[in-house]
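Undergrad: Now for the letters of each chain:
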Amino acid sequence: MTHLADLPVWAAIPVALLLLLGASLALIGSIGFVRLRSFYERVHAPTLGTTMGIGSVLLASMLCFTVLQSRLVLHEILIAIFMVVTTPITLMLLARAALYRDRSEGSDDVPAAPPVPPVQTAAPPAPDAAPPV
Amino acid sequence: MTATLLLWSIFLAQILLVAAMACATIRVLRGPRAQDRVLGLDTLYVNATMLLLTFGIRTGSTLYFEAALIIALLGFVATAALAKFLMRGEVIE
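Quick mapping for you: the protein sequence lines, in order, are chains A and B. Everything in the first sequence is counted per my numbering, starting at 1 for the first residue and increasing by one. Everything in the second sequence is counted per my numbering, starting at 1 for the first residue and increasing by one.
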């Protein structure tokens with residue numbers, strides 16, 4: 001572990017704190033994921049890990065490698081951008097799929113589907129209308 | 001001194017992340033419905049990404065970063081495909 005000894009104290013302490021913060025947020029999110037009751041409550045819990053948790057770990061990694069290689073190492077931002085973009089998409093897809101499944105089973109726990117508005121058909125022309133000039 | 005501090009904090013973070021992965025695995029095994037299992041798999045992917053990043057800090061190699069990136073990519077694709085399957089009953093229409 002020679003490279004860790006090269007890290008100065010002012011960088012080592014934030015790296016350690018950020019790592020512990022990220023890991024504990026991920027653990028809290030996962031515990032909530034096990035303990036919460038309905039699926040619609042459970043969908044919120046892992047986002048604790050996917051936003052702040054992975055953000056802290058990525059910050060720790062960026063700080064560590066930037067100080068170690070004495071140049072700016074920013075490629076961890078790729079994962080951060082990717083997580084920020086994809087997490088809402090996947091969770092929204094999952095929640096909509098769950099809502100669709102619950103509704104198609106006629107479950108009482110979810111609100112009913114909104115009424116579908118009648119399809120607007122083109123009105124037939126009035127018979128006594130004046131012909132277009 | 002700093003090496004000891006960092007080693008212990010990385011070790012503790014890894015233990016916490018493994019506990020988080022165990023919680024997600026419990027939900028995957030126990031989950032009453034299919035969407036719970038899919039969400040558990042997604043959580044498992046995210047926790048595995050973070051675990052690989054901590055391995056990268058521990059060993060000081062950027063190889064683990066690429067593995068973490070690939071796991072994040074595959075996790076998104078897998079979850080999106082499974083959610084589509086739950087919604088429609090088929091993945092590619």
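No wet-lab data here; the hints were simulated from the structure. C-beta: ideal position from N, C-alpha, C; glycine also. Mixed in with the good hints, there may be bad ones.
Claimed, not checked - Simulated coverage check for chain A against chain B, where a stretch passes if three residues somewhere in it have a Cβ under 8 Å from a Cβ of chain B: (1) 7-21; (2) 45-59; (3) 76-84; (4) 93-99; (5) 108-118.
What the hints assert, rightly or not - Pairwise CB distance ranges (calculated): (6) B:88 with A:106: 15 to 25 Å; (7) B:11 with A:84: 43 to 53 Å; (8) A:114 with B:34: 41 to 51 Å.
Undergrad: Taking the hints in turn, state whether each one holds.
TA: Results for each hint:
1. 7-21: Answer holds; 10 residues pass the 8 Å Cβ test.
2. 45-59: holds (count 7)
3. 76-84: Per the Cβ count (5), the hint holds.
4. 93-99: Holds, because 5 residues of the region 93-99 of chain A bring their Cβ atoms closer than 8 Å to Cβ atoms of chain B.
5. 108-118: violated (count 0)
6. B:88 with A:106: 15 to 25 Å: 19 Å, holds
7. B:11 with A:84: 43 to 53 Å: 29 Å, violated
8. A:114 with B:34: 41 to 51 Å: Cβ of residue 114 (chain A) to Cβ of residue 34 (chain B): about 25 Å, so the range 41 to 51 Å is violated.
The structure is inconsistent with the numbered hints 5, 7 and 8, although it conforms to all the rest.
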